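J.: Chains as they are written, first to last, in our numbering: chain A, 32 to 301; chain B, 12 to 174.
It should be emphasised that the hints constitute simulated quantities derived from the structure, not laboratory data.
Errors might be hidden in some of the hints.
[To be verified] Example chain A residues on the side facing chain B (calculated, C-beta under 10 Å, incomplete):
#1 D102
#2 G103
#3 A105
#4 P127
#5 T184
#6 D210
#7 V212
[Claimed, not checked] Capping the alpha-carbon separation at 30 Å, the derived lysine-lysine pairs in DSSO-like fashion look like this:
#8 A:K155 to A:K279
#9 B:K152 to B:K43
#10 A:K256 to A:K279
#11 B:K152 to A:K126
#12 B:K98 to A:K126
#13 A:K126 to A:K150
#14 B:K115 to A:K131
#15 B:K81 to B:K92
#16 A:K131 to A:K198
#17 A:K279 to A:K252
#18 A:K256 to B:K92
#19 A:K226 to A:K256
#20 A:K226 to A:K252
#21 A:K131 to B:K81
#22 B:K92 to A:K262
#23 A:K126 to B:K81
#24 B:K152 to B:K115
#25 A:K131 to B:K43
#26 A:K262 to A:K131
#27 A:K131 to A:K155
#28 A:K150 to A:K131
#29 A:K171 to A:K262
#30 A:K155 to A:K171
#31 A:K155 to A:K198
Nothing here was measured: the structure is a model prediction, and the numbers come from that model.
For each residue, glycine too, the CB sits at the ideal point set by N, CA and C.
One-letter residues, chain by chain:
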Amino acid sequence: MRKWLLAPATLGLALALSTPAAAHRQWMLPSMTSLSGDDGWITVDAGISTDPFVADHNAARLDGISVTAPDGSAGAIENPSTGKLRSTFDVHLTKPGTWKIAGGMQAVFASWTVDGQPKRWRGKPAELASAVPANAADLKVSEVQNRNELFVTLGAPDTRLLTPSGKGLEFAPVTHPDDLVASEPATFGFLIDGKPAAGIEITIVPGGRRYRDQPNEIALKTDAKGQVVVKWPAPGVYWLQATTSDDKTSVPQARERRLGYTTTVEVLAP
Amino acid sequence: MRFAATMALAGFAATPAAAATINVTVTIPTLKVAEYHRPYVATWIEGANGAATSLALWYDHDNRENGGTKWLADLRQWWRKAGRTLKVPADGLTGATRAPGPQKIAAAPKLAPGSYTLLVEAARENGGREVVRVPFQWPPKSAQTTQAKGSSELGAVALTVAP
Chain A
32 MRKWLLAPAT LGLALALSTP AAAHRQWMLP SMTSLSGDDG WITVDAGIST DPFVADHNAA
92 RLDGISVTAP DGSAGAIENP STGKLRSTFD VHLTKPGTWK IAGGMQAVFA SWTVDGQPKR
152 WRGKPAELAS AVPANAADLK VSEVQNRNEL FVTLGAPDTR LLTPSGKGLE FAPVTHPDDL
212 VASEPATFGF LIDGKPAAGI EITIVPGGRR YRDQPNEIAL KTDAKGQVVV KWPAPGVYWL
272 QATTSDDKTS VPQARERRLG YTTTVEVLAP
Chain B
12 MRFAATMALA GFAATPAAAA TINVTVTIPT LKVAEYHRPY VATWIEGANG AATSLALWYD
72 HDNRENGGTK WLADLRQWWR KAGRTLKVPA DGLTGATRAP GPQKIAAAPK LAPGSYTLLV
132 EAARENGGRE VVRVPFQWPP KSAQTTQAKG SSELGAVALT VAP
């Protein structure tokens with residue numbers, strides 16, 4: 032850490048901020064994503080670890096998780112529990128259509144030096160002013176917005192909850208995320224503030240990392256339309272993350288806005 | 012089902028083109044397993060454009076609280092193509108799971124001329140899943156029987172199309 036701070040300021044910042052994201056990944060693992068019947072239950076595990084779905088590090092916090100029913104009404108997480116290595120909760124799907132389970136965070140990261148001592152802080156935008164001392168030197172502020180969403184369908188899938196809000200980095204799938212089959216490539220789009228997110232990086236990690244030698248990650252870049260075409264190597268569960276950064280901050284002190292979108296999809300055998 | 016076939020036959024005299032029939036024999040194999048449950052079986056037709064027409068669905072249709080529908084998604088290809096948009100139980104389409112042996116389906120579907128595939132998918136509790144496909148042309152010029160065979164969850168599938 033000390034070495035990094037001695038490095039040129041921009042490099043030090045990039046390392047300090049990108050390290051947590053690269054080393055530990057937020058993940059949610061649904062028991063299934065496509066259900067039949069009049070109603071249905073799913074259970075979801077949520078954790079933070081190097082390999083998605085391998086619960087060997089920390090449980091995810093459940094306080095920011097929201098559930099939305101296909102008609103837009105609020106659902107709820109049930110039987111929540113947070114263990115040492117992973118959290119878990121259930122969702123009762125009581126209406127047909129595609130449900131959304133969303134977590135994520137919006138935070139401000141700041142670093143500065145006081146009397147030659149480096150300081151780092153993370154918190155809500157409104158708390159920034161009071162957190163930074165008046166004699167702080169070399170203040171660097173960045174804004175972070177991460178979404179972590181699951182789509183789960185009872186009956187036939189629909190796209191009502193896939194309407195973008197126009198804020199931050201969003202998922203705009205052309206192929207429905209609950210309609211994936213290994214034999215058919217999927218087209219997924221991404222939007223930043225409602226506009227196509229061209230040239231951003233997408234990382235896809237197949238589940239079952241413990242039972243193979245190589246990570247087998249798929250690295251893709253969105254085209255001019257903000258889309259990628261994913262060819263699934265095999266049926267299974269896949270963790271997908273899009274990341275990018277720009278300077279369109281909402282916090283005046285921040286110079287950089289870092290955006291992340293994470294989802295988990297299930298790819299069925301044909 | 013038999014009544015429907017008779018009706019179709021009656022229609023044959025008046026409008027030959029519209030009355031072509033499909034007869035399917037699906038053989039559910041006898042399996043020597045410790046715990047046997049009759050499979051869920053879906054039979055449907057897919058056109059070249061992927062559009063699906065269901066012919067039959069055999070499942071736990073009279074389960075208390077409609078609980079048998081919970082496992083319909085296990086017929087995962089049928090579920091994706093046709094099942095998830097179908098309201099079950101459906102008249103003339105859904106029925107109870109069938110015993111091992113040959114089981115018959117008769118239909119007179121209204122299909123545009125073209126190439127089609129008959130698909131039979133079976134999924135069994137504590138067992139496997141299998142899909143058997145039989146291609147055919149519509150409308151048939153003469154009566155034709157095409158055979159296919161499953162290897163695990165389905166036995167012989169015979170499709171007879173007749174004008």
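J.: Take the hints in turn and mark each one as holding or not.
T.: Here is what the structure says about each hint:
Look at A:D102: its Cβ only gets to about 18 Å from chain B, farther than 10 Å, so that hint breaks. Because the beta carbon of A:G103 sits about 21 Å from the nearest beta carbon in chain B, more than 10 Å, this interface hint is broken. Evaluation of the A:A105 hint against chain B yields a violated restraint, the C-beta minimum of about 24 Å exceeding 10 Å. For A:P127, the suggested interface contact is upheld, since its CB lies about 9 Å from the closest CB of chain B, less than 10 Å.
The interface hint given for A:T184 holds, since its Cβ lies 8 Å from the closest Cβ of chain B, which is under the 10 Å cut-off. A cut of 10 Å between beta carbons decides the hint on A:D210: the least distance to chain B is about 7 Å, and the hint holds. Among the interface hints, the one on A:V212 holds; its C-beta lies about 7 Å from the nearest C-beta in chain B, closer than the 10 Å criterion. Taking the CA atoms of A:K155 and A:K279, the gap is about 17 Å. The hint holds against a cut of 30 Å.
Distance hint between B:K152 and B:K43 is unfulfilled; the C-alpha atoms sit about 41 Å from each other, more than 30 Å. Using a Cα cut-off of 30 Å, the hinted pair A:K256 and A:K279 holds, with the two alpha carbons roughly 20 Å apart. Using a Cα cut-off of 30 Å, the hinted pair B:K152 and A:K126 is violated, with the two alpha carbons roughly 46 Å apart. Among the hinted pairs, B:K98 with A:K126 is consistent with the structure: their alpha-carbon atoms are about 14 Å apart, no more than 30 Å.
Distance check on the hinted pair: A:K126 and A:K150 sit about 49 Å apart at the alpha-carbon level, beyond 30 Å; violated. Taken as a hint, the B:K115 and A:K131 pair is broken in the structure, with Cα atoms around 42 Å apart against an allowance of 30 Å. For the given pair, B:K81 sits about 17 Å from B:K92 by alpha-carbon distance, which is consistent with the 30 Å threshold. Under the criterion of a C-alpha separation no larger than 30 Å, the hint pairing A:K131 with A:K198 is consistent with the structure, at around 17 Å.
Proximity of A:K279 to A:K252 is assessed by CA-CA distance (about 21 Å); at most 30 Å being required, the pair is judged to hold. Restraint check for A:K256 and B:K92: satisfied, since their Cα atoms lie roughly 29 Å apart, inside the 30 Å limit. For the hint pairing A:K226 with A:K256, the CA-to-CA distance comes to about 9 Å; that is within 30 Å, so the pair holds. Annotation: proposed proximity of A:K226 to A:K252 holds, straight-line Cα distance about 16 Å (limit 30 Å).
Restraint check for A:K131 and B:K81: satisfied, since their Cα atoms lie roughly 20 Å apart, inside the 30 Å limit. Distance restraint check for B:K92 and A:K262: the Cα-Cα separation of roughly 21 Å lies within the 30 Å cut-off, and the hinted pair is therefore satisfied. Of the supplied pair hints, the one linking A:K126 and B:K81 holds, its CA atoms being roughly 14 Å apart against a limit of 30 Å. Note on B:K152 and B:K115: the hinted pairing holds, with a Cα-Cα distance of about 22 Å set against a maximum of 30 Å.
Between the alpha carbons of A:K131 and B:K43 the distance comes to roughly 43 Å, so the proposed pair goes past 30 Å and is violated. Distance restraint check for A:K262 and A:K131: the Cα-Cα separation of roughly 24 Å lies within the 30 Å cut-off, and the hinted pair is therefore satisfied. For the hint linking A:K131 to A:K155, the alpha-carbon distance of about 25 Å falls within 30 Å, and the restraint holds. A C-alpha spacing of about 38 Å is found between A:K150 and A:K131, which places the hinted pair above 30 Å, so the restraint is violated.
Restraint check for A:K171 and A:K262: the C-alpha separation of about 40 Å exceeds 30 Å, so the hint is violated. For the proposed pair A:K155 and A:K171, the alpha carbon gap of about 15 Å is at most 30 Å, so the pair holds. The hinted pair formed by A:K155 and A:K198 meets the criterion: a straight-line CA distance of about 18 Å does not exceed 30 Å.
Violated hints for the displayed structure, listed by number in ascending order: 1, 2, 3, 9, 11, 13, 14, 25, 28, 29.
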